[in-house]
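Generate coordinates for the entire structure from the input sequences, incorporating the hints supplied.
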Amino acid sequence: MLTKWGVSEDKCHVFLRDEGANMRKAFETEGFRHADCGAHKLNLVVNKAIFEEKDVSAILKRCRALIGHFKHSLLARDRLRDLQTALNLPEHSLKQVKVLKEEIRRLERNEERETHIENSGEYFKNIMLKFLAPEKVCDERQQLLPVLQTMLRLSAEEFRQVEKCIGTNCTPVPGQQGGNTGDGGDWKGLLGSLGSIF
Numbered sequence: 046m047l048t049k050w051g052v053s054e055d056k057c058h059v060f061l062r063d064e065g066a067n068m069r070k071a072f073e074t075e076g077f078r079h080a081d082c083g084a085h086k087l088n089l090v091v092n093k094a095i096f097e098e099k100d101v102s103a104i105l106k107r108c109r110a111l112i113g114h115f116k117h118s119l120l121a122r123d124r125l126r127d128l129q130t131a132l133n134l135p136e137h138s139l140k141q142v143k144v145l146k147e148e149i150r151r152l153e154r155n156e157e158r159e160t161h162i163e164n165s166g167e168y169f170k171n172i173m174l175k176f177l178a179p180e181k182v183c184d185e186r187q188q189l190l191p192v193l194q195t196m197l198r199l200s201a202e203e204f205r206q207v208e209k210c211i212g213t214n215c216t217p218v219p220g221q222q223g224g225n226t227g228d229g230g231d232w233k234g235l236l237g238s239l240g241s242i243f
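Counting the sequence shown from 1 gives a position; my numbering is that position plus 45.
Just so you know, the hints here were simulated from the structure itself, not pulled from any lab data. Ideal Cβ positions, reconstructed from N, Cα and C, are used throughout, including at glycine. Mixed in with the good hints, there may be bad ones.
Claimed, not checked - Restricting the straight-line Cα-Cα distance to at most 20 Å, the calculated cross-link-like pairs of lysine-lysine (PhoX-like) are:
(1) Lys175 to Lys140
(2) Lys116 to Lys140
(3) Lys181 to Lys170
To be verified - So the derived label-pair ranges between C-beta atoms look like this:
(4) Ala110 to Arg69: 39 to 45 Å
(5) Lys209 to Lys181: 21 to 27 Å
(6) Glu73 to Pro135: 50 to 56 Å
Spelled out as structure tokens, the structure:
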């Protein structure tokens, strides 16, 4: 990458990065000196301090209530517009910034997933290889589903997708104890789903 950008290694004293495990691992693998970005850490600390402060939380709660009031009351919006016109202010509207619960849960699962896989990478690799390889015994993939659900923190919908893809019809494969040729489901869709998890 340095060569691509025309930067010589002797001009690089240290690389600043965020706290992502993937970034840390990349720099360690390449043997570069690296450190956490102070601005990023400061931003995390400030955000945490702001949202843990009870007064700030109360103010934000009140703001959300006001925004909700203006969103649902045509009379309140008309009155706000009239006041802005009377005071020669530009016409502004209030907007609510909120992250859907689904998105919050998805982000939390993703964080747990990264931590879990980071701590047990070799085990995860072996499970995935076993899951993707032809089955040696009937319902082998079905038996691996709870392990994958735990490791990947699959939502109910993601779990159903994986379950649908593996099928449950067992027929022996010549030269093996058992095996699942089943309908096999949509492997391309499954791999795409697993790719979107990361």
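For this session: Could you work out which earlier hints the structure fails to respect and list their numbers in ascending sequence?
Result: Hint 1 alone not satisfied by this model.
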